[in-house]
Amino acid sequence: QQQVKQSPQSLIVQKGGISIINCAYENTAFDYFPWYQQFPGKGPALLIAIRPDVSEKKEGRFTISFNKSAKQFSLHIMDSQPGDSATYFCAAGGNKLVFGAGTILRVKS
Amino acid sequence: NAGVTQTPKFRILKIGQSMTLQCTQDMNHNYMYWYRQDPGMGLKLIYYSVGAGITDKGEVPNGYNVSRSTTEDFPLRLELAAPSQTSVYFCASSLKRGFTGELFFGEGSRLTVL
Numbered sequence: 032q033q034q035v036k037q038s039p040q041s042l043i044v045q046k047g048g049i050s051i052i053n054c055a056y057e058n059t060a061f062d063y064f065p066w067y068q069q070f071p072g073k074g075p076a077l078l079i080a081i082r083p084d085v086s087e088k089k090e091g092r093f094t095i096s097f098n099k100s101a102k103q104f105s106l107h108i109m110d111s112q113p114g115d116s117a118t119y120f121c122a123a124g125g126n127k128l129v130f131g132a133g134t135i136l137r138v139k140s
Numbered sequence: 141n142a143g144v145t146q147t148p149k150f151r152i153l154k155i156g157q158s159m160t161l162q163c164t165q166d167m168n169h170n171y172m173y174w175y176r177q178d179p180g181m182g183l184k185l186i187y188y189s190v191g192a193g194i195t196d197k198g199e200v201p202n203g204y205n206v207s208r209s210t211t212e213d214f215p216l217r218l219e220l221a222a223p224s225q226t227s228v229y230f231c232a233s234s235l236k237r238g239f240t241g242e243l244f245f246g247e248g249s250r251l252t253v254l
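First to last, the protein sequences are chains C and D. Okay, so the first sequence: first residue is 32 according to this note's numbering, each after it adds one. Okay, so the second sequence: first residue is 141 according to this note's numbering, each after it adds one.
Simulated from the structure, these hints should not be mistaken for lab results. Built from N, CA and C at the ideal position, the CB exists for glycine as well.
Below, computed lysine-lysine pairings styled on DSSO-like, alpha-carbon distance capped at 27 Å:
1) C:K89 x C:K102
2) C:K89 x D:K236
3) D:K236 x C:K127
4) C:K36 x D:K236
The calculated label-pair distances, taken between Cβ atoms and stated as ranges, are:
5) D:L235 x C:V85: 20 to 30 Å
6) D:L220 x C:G47: 46 to 56 Å
7) D:A142 x C:G125: 28 to 38 Å
8) C:N58 x D:R250: 26 to 36 Å
9) C:Q40 x D:G241: 22 to 32 Å
10) D:G241 x C:E87: 17 to 27 Å
11) D:G241 x C:S86: 16 to 26 Å
With the rest of the complex left out, here is chain C (with noise of 0.2 Å):
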């Protein structure tokens, strides 16, 4: 079954803090791990990705890490601001796209 479990549903930071959005998948199939970003009344749009050859991928304050054997992979944001607060969806990818539920994060100021 191809199905991506992301967590947690939401997620509240205080500005300069750390947020972390986790997520699990089921196909070992999948070679395609984007996270995409989406604020109110706008499509998502690609934040950052990976491939399953690296465990880690760093752009700025974004860095996923990808654990293979355990199929699990995360966004950390270091340094949280007010700006990050959106939707964040993980994904799946390799002969379909599954998207995570989604992640709703408000960063306090």
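Starting from the known structure of chain C, fit chain D onto it as the hints suggest.
Chain D only, in chain C's frame:
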């Protein structure tokens, strides 16, 4: 560049009515997609197209139809609207096959069926 443009942004339909959601992209992408987004459910693929004249079903195609006569346009038609089709619809495009590449989304069309 405008990217992916969807119209209308909002629409209210009565049960049984039909309508077409329009989507156009100016990035010369071959691949285009229609997703629906429901609260707490993520994004579900309705239909996709790998080029003009070629379309295929996604996860939730029932009650919808698509066509792709040009590279730029990928309209989604709802026949006999039902309350279960109340959702936010997103059109997307990609340069390479979107299952392993970046998707570019429009701003969405919010549809309510009463």
